[in-house]
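S.K.: Residue-level listing of the chains:
There are 2 protein chains.
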Amino acid sequence: MLALGVACGAAPAALSAPPLVTPASVLAAAPDADWTTIDPHDLLVIDLAGGGRVVILLADSFAPVHVGNIRKLAAAHWYDGLAIERVQDNYVVQWGDPDGKKALPAGLTNPAPAEYDRPAEGLPFPLLPYPDPYAKAVGVSGGLPVGEDGGRAWLTHCYGMVGVGRDLNPDTGTGAELYAVIGTPPRALDRNIAVVGRVLRGMELLAALPRGTADLGFYAKPEQRTEIIRIRIATDLPAADQPHMQVLRETSASFRAWIQAKANRQDTFFVRPAGALDVCNAMPPVRGAGRVGM
Amino acid sequence: MLALGVACGAAPAALSAPPLVTPASVLAAAPDADWTTIDPHDLLVIDLAGGGRVVILLADSFAPVHVGNIRKLAAAHWYDGLAIERVQDNYVVQWGDPDGKKALPAGLTNPAPAEYDRPAEGLPFPLLPYPDPYAKAVGVSGGLPVGEDGGRAWLTHCYGMVGVGRDLNPDTGTGAELYAVIGTPPRALDRNIAVVGRVLRGMELLAALPRGTADLGFYAKPEQRTEIIRIRIATDLPAADQPHMQVLRETSASFRAWIQAKANRQDTFFVRPAGALDVCNAMPPVRGAGRVGM
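Chains as they are written, first to last, in numbering that gives the first Met the number 0: chain A, 0 to 293; chain B, 0 to 293.
Everything labelled a hint here was simulated from the structure, so no lab data went into it.
It is possible that some hints are incorrect.
Pairs involving identical chains hold if they fit within one copy or between any two copies, as the list cannot separate such chains.
Straight-line Cα separation of at most 35 Å, DSBU-like style, residue types lysine-lysine; simulated pairs [as the list claims (entries may be wrong)]: (1) LYS100 <-> LYS135; (2) LYS220 <-> LYS135; (3) LYS71 <-> LYS220; (4) LYS220 <-> LYS100; (5) LYS261 <-> LYS220; (6) LYS71 <-> LYS101.
With the rest of the complex left out, here is chain A (with noise of 0.2 Å):
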């Protein structure tokens, strides 16, 4: 398409013109130095039936005590042979225990606090300049999308971000019942729940599953349903089969400049750009290497 647009417009002087800075063009020349590796210890690895792979960056700064559960639960391999038993679409795709039967392991924090939001002391997060509906200021810390208001900071419900399924309050949920966001941002939820991490890669696998037609999006027989295989973090894979990732810090001139050509595209395509940005579609890109998908 590029090539389109400079064979549309391809005058002279048009050729000597500096070359046009887009998302793309900014990830393709950001140092490596820009690029932070995730410690494999936050990487959440969901392999399901059929051979594909769901990483998950955990947030130990905004829930570390359902993060620990989690962390226990995938340690005592409590996941394996569950299933995911829910897609609603334009809303979440849910995994855990269909039938609400299965034991958990010991040593779990149960209940779990209300780790909805913490002090946004501590962190620095670059804000966007541009106003959210939802919160005072909004911005990205840790390769996450945050909101901010009156002193306290949250993880915003964007696409992709995952968070605990509960049932009413004061029950705050385990970590044995996850969701992943996969339509709308439902930022309705936020401080209302544990969100626990955000989907670095396989999103397309979940949100392309078939939408369960019993209440909730639930699947209506169990056949319906996904297998999981086994849910690990990323250390306790063998050595070849870990996925490693890295996030563009959100502190580094590559991330402020991604930023700044997102929300003013001078790519061709563009007629007018939005001269703004949402948290969600502002969240820091991510690269692997290993077995990071299917």
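Please build the complex by placing chain B on the supplied structure of chain A, with the hints as guidance.
M.R.: The following block gives chain B in isolation, referenced to the frame of chain A:
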């Protein structure tokens, strides 16, 4: 879940408290007079191989020339036998002529004008009293999500909104290639493309299609595409096969109450209502009769 909540807090006083006002309770109580029947001439019906049906509300008041082209293409049965050719995760599903070789019928406006926005005058849409990153104001008009700034109004790219695929400026597309949003609202596309409608039914079919693995999410192999059996304006279908749709009128008391209930969730699940609502979560509910889906 509500039953559980009542059981937990079942003091006699609680039983006599006024019932919670929730989005669901508002819809259940909405009188028929608050629902507007959509003119069936404005419904575009896509029947897919396998029996799935997608119903789209066309937006004549925003992109009349493009919508006129789409009506002519449907009347000429031009789309029949074509395919869904592209599914890019967290972005769009696109359908049309994968090979770009099928001759267009006579009578199209080609190129179409750049119907990217229109005068805001004459669109007294209820404004949402919450900030938006991309528009001076946002609201709803004719069942559709709208942004406004400087006296101009445009349809916003929300989940399920339908636009006209195009190449580079100044090409504006004809309506032969259409897409629907299946992820995070790509609001940077607002005012850069002709938005022609909203999927009212069948999003769960489009959004669950396997993602394409070639560039931009196009399918690498023709056999991965989903065939389009036919696309028709509803009134061109046999009477027994026609969908009938209604939308909650945005000027009704029920719509205002629904927005209030969505922005300030009283449902037992919520511990902290958001106190806000974004335009993509404010799209008016629809209901249907006749063959509206699978």
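S.K.: Hints first: check each against the structure and report whether it holds.
M.R.: Consistency of the hints with the structure:
| no. | hint | verdict |
| --- | --- | --- |
| 1 | LYS100 <-> LYS135 | neither (42 Å within a copy, 51 Å between copies) |
| 2 | LYS220 <-> LYS135 | neither (43 Å within a copy, 47 Å between copies) |
| 3 | LYS71 <-> LYS220 | within (30 Å within a copy, 43 Å between copies) |
| 4 | LYS220 <-> LYS100 | within (17 Å within a copy, 43 Å between copies) |
| 5 | LYS261 <-> LYS220 | between (43 Å within a copy, 31 Å between copies) |
| 6 | LYS71 <-> LYS101 | within (15 Å within a copy, 58 Å between copies) |
Hint compliance for this structure: hints 1, 2 are not met, and every other hint is.
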